[in-house]
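2 protein chains.
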Amino acid sequence: MKFELTILGSNSALPTSKRFPTAQVLNVLERFFLIDCGEGTQIQLKRFKIPMSRINHIFISHMHGDHIFGLIGLLSTFSLQGRKNELHIYGHSKLEKLIRFQLELLESKVEYTLIFHNIFGKEIQTLFEDETLTVQSFPLKHGVMPCAGFLFKEKDRPRTLKADMLAFYNVPIKNRNGIKMGEDFVLEDGEVIANAKLTMDPPKSRSYAFCTDTAYFPRIVPIIKGVDLLYHEATFLKSEEKRAKKTYHSTAEQAAKIALEAKVGQLLIGHFSARFKDLKGHLNEASEIFPKTMLAEDGKKFSVELDRD
Amino acid sequence: MKFELTILGSNSALPTSKRFPTAQVLNVLERFFLIDCGEGTQIQLKRFKIPMSRINHIFISHMHGDHIFGLIGLLSTFSLQGRKNELHIYGHSKLEKLIRFQLELLESKVEYTLIFHNIFGKEIQTLFEDETLTVQSFPLKHGVMPCAGFLFKEKDRPRTLKADMLAFYNVPIKNRNGIKMGEDFVLEDGEVIANAKLTMDPPKSRSYAFCTDTAYFPRIVPIIKGVDLLYHEATFLKSEEKRAKKTYHSTAEQAAKIALEAKVGQLLIGHFSARFKDLKGHLNEASEIFPKTMLAEDGKKFSVELDRD
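So the protein sequences, as listed, match chains S and C.
Taking the UniProt record's numbering, the leading residue of the first sequence gets 1, the next gets one more, and so forth.
Taking the UniProt record's numbering, the leading residue of the second sequence gets 1, the next gets one more, and so forth.
These are computed hints drawn from the structure, not numbers from a lab.
Check before you lean on any hint, since a few could be wrong.
Any copy, or any two copies together, can satisfy a pair, since identical chains are not distinguished.
[Claimed, not checked] Cut-off 30 angstroms, straight-line C-alpha distance, at most; resulting in silico cross-link-like pairs (DSS-like, lysine-lysine):
#1 K153 with K180
#2 K263 with K301
#3 K246 with K84
#4 K292 with K97
#5 K301 with K46
Only a predicted model underlies this, so the values are computations on that prediction, with no experimental measurement involved.
Using the sequences and the hints given, assemble the complete structure.
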């Protein structure tokens with residue numbers, strides 16, 4: 001029952017030899033959602049043993065090179081691997097132009113179906129929805145560049161059946177789905193067994209929000225309220241707050257403020273400027289405001305466990 | 001007096017976590033010539049501490065993704081680093097289209113001058129020439145895809161002065177350049193001192209040939225004859241010779257045959273299929289025919305030393 005994020009790249013525009021540009025993959029029940037695709041993403045997918053054939057959805061936040069330059073290589077590799085599954089790509093309308101132009105110029109045969117979905121970037125938009133999960137985009141603040149955050153949210157689960165009680169009342173299998181949905185059970189003699197006797201609350205649905213690149217932008221707080229895990233960029237330290245503002249990036253402190261205001265479970269900071277070899281400064285600065293802060297580092301995994309409280 | 005090749009990527013189309021796609025850099029007297037630019041090249045340049053600001057010439061063999069997908073990211077990084085130097089890129093005419101389209105679509109400001117040079121690929125062509133070095137391209141055989149090999153050749157050096165003999169005959173500084181070029185020296189009393197007394201043969205000029213991607217193609221032998229170091233692709237083993245032929249690649253044995261026929265100094269094989277985790281098979285197969293064979297591995301350096309024999 002996984003809900004696990006793997007960091008493929010944690011750096012900002014200039015990659016270092018240890019930190020690749022932005023890319024992450026979220027494993028929700030063994031479906032892998034790729035988020036951003038900086039140069040080298042396919043290499044990191046191999047390094048960290050992510051099953052590439054299970055990636056059917058790619059979400060691209062914005063059209064800066066450090067978030068997209070790995071996409072054409074990944075699409076080509078899918079082709080060489082004989083991929084047949086449809087691939088859905090969610091991003092700015094320019095992204096489709098960029099990819100289609102390259103495929104055509106290079107005469108690359110892509111045998112699978114590529115489906116581009118346009119993110120308008122001006123409001124909350126549902127990009128993906130199935131029985132268990134929804135993915136929405138929402139606008140961030142990155143200058144004139146339209147830039148989207150992404151919110152991954154499990155749907156509410158049906159109630160959990162109490163196996164011993166079902167056995168005790170001899171509940172037939174045909175009734176179980178209804179009981180999961182909250183129905184009571186009526187015995188042959190007419191006695192009503194309340195649903196609360198037969199079931200317990202289901203595990204809480206889990207959620208993840210991805211916010212990069214962005215200046216300090218409190219308008220996102222209601223959207224990401226209470227998520228279990230928040231990734232928020234922290235390109236700079238507080239000492240460079242002016243530079244952060246000018247370049248539409250955030251400081252570690254600002255990331256922590258957003259986490260605090262949104263009452264999230266845990267904060268993960270990343271998109272570090274290449275100048276920082278040591279990231280303790282970022283961790284300390286954010287942790288002072290929001291103690292449950294962690295550093296995004298290439299290859300690290302962050303799980304949200306199922307919770308029955 | 002370096003003439004040193006660094007392998008940045010040694011794999012064929014599908015990169016592995018240990019072998020990046022094709023890219024190399026040749027250091028000739030502290031000028032760095034980049035050859036091919038697969039995805040992740042900029043990361044490898046950082047990892048192996050190549051001074052990026054000294055790269056002013058990039059040679060691209062052909063328009064397959066595993067040889068070019070790192071170029072747009074590298075050009076963007078040059079921009080972010082504030083590069084001002086002209087950058088010369090040698091490749092197929094489509095390469096300029098590919099790069100210009102991306103820069104325009106992404107509204108990337110490139111403050112330095114980008115100069116594209118078209119490789120026609122049908123004959124030997126001198127791409128670069130200065131006082132010490134020439135770089136030529138020549139056609140390889142890679143199906144319908146025009147594909148160029150590159151030949152880097154130091155020019156002949158002037159003769160080496162014998163310092164002790166110059167002091168003995170009290171040769172003025174103004175005469176020395178002429179003597180380096182082979183002139184005799186005439187003493188005040190009219191006696192002629194033969195050049196051979198005053199100088200010795202210069203070190204041999206050094207050379208490197210880069211041959212990938214290509215089927216077995218003996219027509220290149222006269223072009224690369226006697227080079228000190230030959231890089232030749234060896235995507236497959238002899239057991240897959242049919243597949244090599246079909247995909248216009250070479251086996252390790254074929255690479256060695258070319259090296260033997262061309263009487264090169266040393267052979268370096270690379271562009272390995274991702275299926276091979278262990279490359280001993282390639283090394284053994286080639287070494288049987290051409291003993292001075294080495295494996296290209298990411299990060300390895302191969303020097304051609306100055307030779308006075």
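Evaluated hints:
no.: 1; hint: K153 with K180; result: within (21 angstroms within a copy, 77 angstroms between copies)
no.: 2; hint: K263 with K301; result: within (22 angstroms within a copy, 52 angstroms between copies)
no.: 3; hint: K246 with K84; result: between (44 angstroms within a copy, 23 angstroms between copies)
no.: 4; hint: K292 with K97; result: neither (41 angstroms within a copy, 48 angstroms between copies)
no.: 5; hint: K301 with K46; result: both (15 angstroms within a copy, 25 angstroms between copies)
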